[in-house]
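Participant: Below, each chain spelled out in residue letters.
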Amino acid sequence: MAVAIIGAGQSKFGTRKDVNVAELAWEAVKPAMQSANVEQKDIDFMVVGTAGMWSSEAAVPALMYEYGKFEDVGSMRVEAACATGNAAIRVGYTAIESGEADVVLVLGVEKMQESPNPTVIELIGRFGSYFWEFENFGLTFPGYYALHATAYMAKYGATEEDFARVAVKNHHYGAKNPYAQFQREISLEKALNSPYVAWPFKLFDCSPITDGSAAVILASEEKVKEWGIEEKIWILGQGVGTGTANLSRRESFTSLRSAAYAAEVAYKKAGIDMDAPYKYLDGADVHDCFTAAEVIAYEDLRFAKRGEGVQLVREEQTYIGGRIPVNVDGGLKAKGHPIGATGVSQAVEAWKQLLSKAENGRQVDVKNGRYLAHNVGGTGHYSYVTIYGLEKR
Amino acid sequence: MDDLRKAAETNIKEYGFPVAIDEKSGALQWVDMRDLHLKYVISIENIQNFYEGLREGKLLATKCKKCGELFFPPQKDCPKCMDDDMEWVELKNEGVLETLTVIFVRPPSFASYDPYTVAIARLDDGVKITAWLKGDPQKVRPGQRVKVEVSKRKEGYLMYEIVPVEG
Chain F
1 MAVAIIGAGQ SKFGTRKDVN VAELAWEAVK PAMQSANVEQ KDIDFMVVGT
51 AGMWSSEAAV PALMYEYGKF EDVGSMRVEA ACATGNAAIR VGYTAIESGE
101 ADVVLVLGVE KMQESPNPTV IELIGRFGSY FWEFENFGLT FPGYYALHAT
151 AYMAKYGATE EDFARVAVKN HHYGAKNPYA QFQREISLEK ALNSPYVAWP
201 FKLFDCSPIT DGSAAVILAS EEKVKEWGIE EKIWILGQGV GTGTANLSRR
251 ESFTSLRSAA YAAEVAYKKA GIDMDAPYKY LDGADVHDCF TAAEVIAYED
301 LRFAKRGEGV QLVREEQTYI GGRIPVNVDG GLKAKGHPIG ATGVSQAVEA
351 WKQLLSKAEN GRQVDVKNGR YLAHNVGGTG HYSYVTIYGL EKR
Chain U
1 MDDLRKAAET NIKEYGFPVA IDEKSGALQW VDMRDLHLKY VISIENIQNF
51 YEGLREGKLL ATKCKKCGEL FFPPQKDCPK CMDDDMEWVE LKNEGVLETL
101 TVIFVRPPSF ASYDPYTVAI ARLDDGVKIT AWLKGDPQKV RPGQRVKVEV
151 SKRKEGYLMY EIVPVEG
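These protein sequence lines are chains F and U, in that order. According to UniProt numbering, the first sequence holds residues 1 to 393 in order. According to UniProt numbering, the second sequence holds residues 1 to 167 in order.
No lab work stands behind these hints: they were computed from the structure. We put the beta carbon where it would ideally sit given N, CA and C, even for glycine. Hints may be right or wrong, so weigh each one.
Pair by pair, the computed Cβ-Cβ distance ranges are [claimed, not checked]: (1) F:Asp72 x U:Gly26: 35 to 45 Å; (2) F:Glu315 x U:Arg55: 49 to 59 Å; (3) U:Asp114 x F:Arg249: 26 to 36 Å; (4) U:Met33 x F:Ala62: 17 to 27 Å; (5) F:Gly271 x U:His37: 45 to 55 Å; (6) F:Arg184 x U:Trp88: 53 to 63 Å; (7) F:Glu391 x U:Val89: 49 to 59 Å.
Next comes chain F alone, as it looks inside the complex:
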């Protein structure tokens, strides 16, 4: 059973002291339901991606059931670190694919700023192997990815300036996205002169701590036909990979094996040629929690050969008009990274781009009718690659 996204919505990302968790979530659920033209009674199942810990509410599905006046609906909370949002989509997608549900609400929400920054830093550091990495060695989350960045620099000659260029691009597009946390461009100098967080990463290499929500309505092919839904995109394929908890158990630090695997599975399912997958896509959202992660993603997704991802940055091939536009919503870097909402927000972006609803200056040319989302939890501990398309496969 093919599965479509028939409605999408998201809140403004950023510091949202003006709303509580339920109000923030509703900012995404309402436009998702309205654009899908569905009511509460139409929803068979509700999946909520939220990593939580830093926010006060733990039972978010029930909270939203109450706040949104849902009735007789199954629900569950999903967690996969920073890939939580896509894991929630996975649950909704497979529920429909299996015939278990017809219409599913997938919500991703995170209110990270309910806790002070030091507490959030403390909690995120634990998204690896707690005992062997955090307890005694204090590896922070930027630290985990910095270990990859350093290895990439040593192997392929990339520089801190190369990584900074990724931030400059993503801020360029974030400035054009009214839903982004940072809606301002930055200069290369500003990025390079910011203080170190975890060498080689400086402040502008890192995605921020963010509040935000995103939601999509998934529906079966049958429902799409029954309701005569015209505005929709299809999930053409999804791959999921897992990595070791300890980074020391990884073979390489210049690739996330789980992401490369997830990409392979997704391309196969979507019928996309593995040699030059970018030729089949109009654009991609990749998991740029840190700048170097975006460069490594280019290679894991086969947008460039190993070691050549950095060339795409230098040649500006991931701006609109280049080989493949990447993160033209600002990415995690400028749009913000509310952990549970990020993966769902990528789906919202695929929906907007493919249906040509993106804001001025950041709409890609829709020629192939396919968009890719790459969502990584931890440092490749969980990887999701999802391919969306205008035409059903």
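Starting from the known structure of chain F, arrange chain U on it as the hints suggest.
Facilitator: Structure of chain U alone, referenced to chain F:
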């Protein structure tokens, strides 16, 4: 956060509730009155030997008696043989540096330390190890020879660290 808490405490008396205004947005916040303090108790029952080894200055790993697979961090079970017939072996405490980072922004629980360098090294036995790197991180590069030494932490307990080998 401390400022918010103080404001909330004052506001309980003046306003009747633990509330405070967020400085940047001007939005009214309820300042949670409940503290959550997390501290975990983790079993090391099945890897006691590892700590015995550290006390003697040795770095130990588990090795499956059947298939010979070496495990570091040490683990109780061999998933290949579906067996738990393991022996403890001493690792070669020399190897090659694979990657490193310097943690400048530290979690509050590491606030008493200066910025520290975390490195991953591949030991000559083939397993990799994550630990703090001793010395100036600017003087080392991936590919550099390193050794693993046991030393005392500030808190007084033993821990292993990666040390560059001269020359």
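Participant: List, from low to high, the hint numbers that the structure doesn't satisfy.
Facilitator: Hint check: nothing fails, all pass.
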